[in-house]
Every structure is written in C-alpha cells, then in structure tokens.
Amino acid sequence: MRGSPLIRALLVLIVLAALLVPLRRMTSKQRPLPAPLQNSSQPTVPNKRFHLELTCTTSPFKYQITYSGQTIWKGYETAATAQIDLNLDFPPEGVDLVMDVAWDEKKPTAVKLVVSPPDDEETSQTAWGTTNVSEVITVRPSK
Amino acid sequence: MRALLFSFLCGLAPVLSTGAADQLRVVSFSTVLTEIAEQVGGPHTKVAGLVIAGEDPHEYQPTPADLDQVSQANLVLLSGKQIEHYLDKIQQATGGKVDALSVGDQLPSLQLPPNPDEEKAAASAEPNSTLEDPHWWHCIANVKKATTIVTDELIKLDPANQADYKKSAKAYLANLDQLDKWVRREIAELPRNRRKLVTSHDAFQYFAKDYGFTIYAIEGVSTDTEPSNRHVAELIDEIKKQGVKAIFLESTLNPKVTSEITRETGVRIGGTLYADGLGTGPASTYDGMVRLNVSTIVDALK
Numbered sequence: 002m003r004g005s006p007l008i009r010a011l012l013v014l015i016v017l018a019a020l021l022v023p024l025r026r027m028t029s030k031q032r033p034l035p036a037p038l039q040n041s042s043q044p045t046v047p048n049k050r051f052h053l054e055l056t057c058t059t060s061p062f063k064y065q066i067t068y069s070g071q072t073i074w075k076g077y078e079t080a081a082t083a084q085i086d087l088n089l090d091f092p093p094e095g096v097d098l099v100m101d102v103a104w105d106e107k108k109p110t111a112v113k114l115v116v117s118p119p120d121d122e123e124t125s126q127t128a129w130g131t132t133n134v135s136e137v138i139t140v141r142p143s144k
Numbered sequence: 067m068r069a070l071l072f073s074f075l076c077g078l079a080p081v082l083s084t085g086a087a088d089q090l091r092v093v094s095f096s097t098v099l100t101e102i103a104e105q106v107g108g109p110h111t112k113v114a115g116l117v118i119a120g121e122d123p124h125e126y127q128p129t130p131a132d133l134d135q136v137s138q139a140n141l142v143l144l145s146g147k148q149i150e151h152y153l154d155k156i157q158q159a160t161g162g163k164v165d166a167l168s169v170g171d172q173l174p175s176l177q178l179p180p181n182p183d184e185e186k187a188a189a190s191a192e193p194n195s196t197l198e199d200p201h202w203w204h205c206i207a208n209v210k211k212a213t214t215i216v217t218d219e220l221i222k223l224d225p226a227n228q229a230d231y232k233k234s235a236k237a238y239l240a241n242l243d244q245l246d247k248w249v250r251r252e253i254a255e256l257p258r259n260r261r262k263l264v265t266s267h268d269a270f271q272y273f274a275k276d277y278g279f280t281i282y283a284i285e286g287v288s289t290d291t292e293p294s295n296r297h298v299a300e301l302i303d304e305i306k307k308q309g310v311k312a313i314f315l316e317s318t319l320n321p322k323v324t325s326e327i328t329r330e331t332g333v334r335i336g337g338t339l340y341a342d343g344l345g346t347g348p349a350s351t352y353d354g355m356v357r358l359n360v361s362t363i364v365d366a367l368k
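These protein sequence lines are chains C and X, in that order. Numbering-wise (the numbering used here), the first sequence opens with residue 2 and increments by one. Numbering-wise (the numbering used here), the second sequence opens with residue 67 and increments by one.
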C-alpha cells in the first residue's frame, strides 16, 4: 500500500470510528422485557398470632399441619389434644390449612381442628377416618 | 377349579348376554357426558360421542351423519345451558320421538354479566341482564349430580339392568370424591391472595367459585367473538394492578391475543388448560383433565 503514513493512519481511524456504533449496539446489554409485575401499591399481608387446637379420639396420634405447602406444626401426641400458638400471614382472602392426622389402632376416629385468630371468630372442622384423615380447613376473616 | 370356572362364567354372563341389539343407543354432545354414560352404562350401552375430545363445543355443528345417529338413539345427552346452539336441528332430527336429556339445565347455574364484546349478548342486553355460564363440568359437585341424572335416566329406559347401573355409578362417584379431595389439597398449596386466573375465555367460573379464584378472561363465555382492543387494554391494566403471575392458554383456542398480552405485561404463559371438555392423552378422562388443569395452575401461580 502506497501513500503517506499519515493518510493511512487517518483512513484506519475513520474505519474504526464507523465500526464503533454497530459494535457498541452488538455488545451492549439488550433492552429488557417488561419487568414481571410487582405492584408496590398492593397492601402487605398482615401477620397474626393464631391458636390451633387438635383433638383426636384415638391416641397416640401423629399430625402435620401445612400452610401454602410449608409444614407449620407437626408432632406425636399421646394425650387426646395437642395445641400451639403460632404466627401466620392472614390475607383478607383467608388461608387454607391442610391437616394430616394418623393413628396406629385401626378404629373409627374423629379428628377436630380448631383455629382461633386473636381478634376474630374461631373456625373448626371435624373429619372421620379409621386409620388417618386428610382435610383442608379454610379460615377467613369474618369482618 | 370348577368353582373358579363357574364364578368366571357367572361374571362374564352379563357381558355375553348383552348383544348389540339389546344395548341402549346413547348419543352425547358433551365429552364429559360421554364418559359418564360409558362408565355407568358399561356393556348395556353403546355410546356415540358426537362432540369429540379436543373439539370446541361452542363451534361444533352437527353433520347429517350425526343427525342420523341422533334419530336412531334411545337417549340423547345434551350439555345444556344454551351451549348447543344447534338444538333446533336436533329436535328436527328426532321429531320429538327421542328422549333428549339436557343434563346441564338440571344443575345449578352461575349467572355472569354479559361481555360487551359478545355481539349477541350486547344486542339483547338489558340493564342488569346476565348470561348463563355453560361450563358446569368445572365443578366436581355438578359432575356428581350429572352422574346421578344420567344413571336415573338409564334405569328408566332399562330397568332390568338397574343393579349394574347403580353399582357402576357408585364406583364413578367414589372416584369423583377422591378427585375433589386431591384438588382441594393441591390448591391449598396456593395462597388465596395468589388465586388470580387469566384465561383465554370465561370458562372457569364454576372452578373459581369452588376453590376461591378470581377470573380475568380475555374472551367471554363463548369462543365465537374476538376481544375488542378496549377490553384487551383494560385487561392489561388489571393484570398489572393485580400482580398476576401467569396467564393460561386453552387447548381449543388461538393463542394470538394471549401472546400479545404477555408481551405487553411481561407476565409469563403458565401453560395450556382444558376449558371446553376432555382433551387427548392424559386429559382424555375427566379425572385426567381436572388433574392436568389443577397441576398447571398451581405450578404456575405458586
């Protein structure tokens, strides 16, 4: 290649400058898709303390209570009743608790779960089984 | 061994003695009712499902061959609640001689406000008028009642085999009870404030009522109208406001508008639901269809 080195250097600079814009477009971060919806105006879910009481007419029995797929209370009870106080998120739509109770002796048995919110009416559900019961209990705010 | 052979032959006897000529000919216009009639009727019935699995019952039109089958049937099962817009053709085909049982009309109805996009509804809409939701099979209690209605009708037409009909119905109803228990457990995993369901058309109101969901539908109760731009814009606003996690396609509908909404809102597609009756593969039974729908919804909204 002939010609002045200065002109050659200038040509190289012009080519590099022309490539700069498309190169930047190709290597910069893509424009993100609309963000998944997180509405800041949505109210936070109130958390309340509940009293749970589980009664089984056959003992001993083992039990498990789940809330939104998470175990919140489980154990093995030799008496007829087990109870606990615990905190739960309590949205205005209410909550579903899944109650699983099983006992060794094969006989008709009634199981009752009573859920008492601190400043609201209690909700209870009774289920019958011969070796186990599995029920969903829905607790809704009355006000 | 002889006793075993005797019991085997005794068990086989009802099946062998029920020739094609003795069978009740049942024609069904609902995939769910087809299954009920087959399950309860067993070898005593020959069931022809004219609306087949995966077909949109809102769009179905009976062919001359279908009407010919209707005219020869002992019992015609209709889904009811005005989904069979071709009812006059069926009545003409039967000449009023065939027992046409509109099962859905004997079940409790959900009344919905008319969708302004639905031309027919808008034309006849008076203030405070409502539309009857025809998708009653999304309530398991309704399917149990439908089973009892179909069983009673089969017994009325064929009292000699009532013991078999009652036994089969009892087994089918027990399965439905188990199914309802399973659904309640699965849905309990989903917090109640996340039970917001955006669907292609308004087919899940019975399901929503039973399991505590709110429905945001792109189309109305029928699939024969396109949603207006205004309705889609309002829906996009509502999806954003409610913080909906996913929206759902339907097996029998074009996903074009649904895809547009996901682009605008950034919400993902949660999967495909069977809204208008049984489908194919795992959704080819009522039990399978419900389990597939519930698993899709819970997995997407959890």
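The reader is advised that the hints may include incorrect statements.
Stated by the list, open to error - Once the Cα atoms are required to be at most 25 Å apart in a straight line, the calculated DSS-like pairs of lysine-lysine come out as:
no. : chain 1 : residue 1 : chain 2 : residue 2
1   : C       : Lys108    : X       : Lys147
2   : C       : Lys63     : X       : Lys247
3   : X       : Lys211    : X       : Lys147
4   : X       : Lys236    : X       : Lys210
5   : X       : Lys322    : X       : Lys262
6   : C       : Lys49     : X       : Lys112
7   : X       : Lys112    : X       : Lys211
8   : X       : Lys247    : X       : Lys112
9   : X       : Lys147    : X       : Lys233
10  : X       : Lys306    : X       : Lys262
11  : C       : Lys75     : X       : Lys311
12  : X       : Lys311    : X       : Lys368
13  : X       : Lys262    : X       : Lys232
14  : X       : Lys311    : C       : Lys107
15  : C       : Lys75     : X       : Lys247
16  : C       : Lys49     : C       : Lys113
17  : X       : Lys306    : X       : Lys275
18  : C       : Lys113    : X       : Lys322
19  : X       : Lys232    : X       : Lys112
20  : X       : Lys232    : X       : Lys275
21  : C       : Lys49     : X       : Lys211
22  : X       : Lys262    : X       : Lys275
23  : X       : Lys247    : X       : Lys233
24  : X       : Lys210    : X       : Lys233
Claimed, not checked - Ranges between beta-carbon positions, derived for each pair:
no. : chain 1 : residue 1 : chain 2 : residue 2 : range
25  : C       : Thr139    : X       : Asp353    : 18 to 28 Å
26  : X       : Arg296    : C       : Val46     : 26 to 36 Å
27  : C       : Asp86     : X       : Thr346    : 47 to 57 Å
28  : C       : Leu11     : X       : Val323    : 52 to 62 Å
29  : C       : Asn48     : X       : Leu223    : 37 to 47 Å
30  : C       : Pro61     : X       : Asp353    : 56 to 66 Å
Stated by the list, open to error - One side only, chain C facing chain X, incomplete, derived with CB under 7 Å:
no. : residue
31  : Ser69
32  : Ala83
33  : Glu94
The set of hints was computed from the structure by calculation and includes no laboratory data. Just so you know, even glycine gets a beta-carbon here, dropped at the ideal spot from N, CA and C.
Evaluated hints:
1. Lys108(C) <-> Lys147(X): violated (45 Å)
2. Lys63(C) <-> Lys247(X): holds (21 Å)
3. Lys211(X) <-> Lys147(X): With Cα atoms ~15 Å apart, Lys211(X) and Lys147(X) stay inside 25 Å; holds.
4. Lys236(X) <-> Lys210(X): Holds, because 10 Å separates the two Cα atoms, which is no more than 25 Å.
5. Lys322(X) <-> Lys262(X): Holds: Lys322(X) and Lys262(X) sit about 21 Å apart, inside 25 Å.
6. Lys49(C) <-> Lys112(X): Violated. Lys49(C) to Lys112(X) sits at ~58 Å, over the 25 Å cutoff.
7. Lys112(X) <-> Lys211(X): holds (22 Å)
8. Lys247(X) <-> Lys112(X): Violated. Lys247(X) to Lys112(X) sits at ~31 Å, over the 25 Å cutoff.
9. Lys147(X) <-> Lys233(X): Distance of about 29 Å is beyond 25 Å: violated.
10. Lys306(X) <-> Lys262(X): holds (12 Å)
11. Lys75(C) <-> Lys311(X): Violated, because 31 Å separates the two Cα atoms, which is more than 25 Å.
12. Lys311(X) <-> Lys368(X): holds (9 Å)
13. Lys262(X) <-> Lys232(X): At roughly 39 Å apart (the allowed maximum being 25 Å), Lys232(X) and Lys262(X) break the hint.
14. Lys311(X) <-> Lys107(C): The given pair, whose Cα atoms are some 44 Å apart, is violated under the 25 Å limit.
15. Lys75(C) <-> Lys247(X): Satisfied, since the Cα-Cα distance of roughly 21 Å is no more than 25 Å.
16. Lys49(C) <-> Lys113(C): Given that 25 Å is the threshold and the Cα spacing comes to 22 Å, the pair holds.
17. Lys306(X) <-> Lys275(X): The hint holds at about 23 Å.
18. Lys113(C) <-> Lys322(X): Roughly 50 Å between the alpha carbons, so the hint for Lys113(C) and Lys322(X) is violated.
19. Lys232(X) <-> Lys112(X): The given pair, whose Cα atoms are some 17 Å apart, holds under the 25 Å limit.
20. Lys232(X) <-> Lys275(X): The hint is violated at about 30 Å.
21. Lys49(C) <-> Lys211(X): Not OK: Lys49(C) and Lys211(X) at ~40 Å, beyond 25 Å, violated.
22. Lys262(X) <-> Lys275(X): holds (12 Å)
23. Lys247(X) <-> Lys233(X): holds (22 Å)
24. Lys210(X) <-> Lys233(X): holds (14 Å)
25. Thr139(C) <-> Asp353(X): 18 to 28 Å: holds (24 Å)
26. Arg296(X) <-> Val46(C): 26 to 36 Å: holds (33 Å)
27. Asp86(C) <-> Thr346(X): 47 to 57 Å: holds (51 Å)
28. Leu11(C) <-> Val323(X): 52 to 62 Å: This hint holds: roughly 56 Å between Cβ atoms.
29. Asn48(C) <-> Leu223(X): 37 to 47 Å: The hinted range 37 to 47 Å is violated for Asn48(C) and Leu223(X), with Cβ atoms some 59 Å apart.
30. Pro61(C) <-> Asp353(X): 56 to 66 Å: This hint is violated: roughly 35 Å between Cβ atoms.
31. Ser69: holds (5 Å)
32. Ala83: With Cβ-Cβ at 20 Å, over 7 Å, it is violated.
33. Glu94: This hint holds: Glu94(C) lies near chain X, its Cβ roughly 4 Å from the closest one there, short of 7 Å.
Hint compliance for this structure: hints 1, 6, 8, 9, 11, 13, 14, 18, 20, 21, 29, 30 and 32 are not met, and every other hint is.
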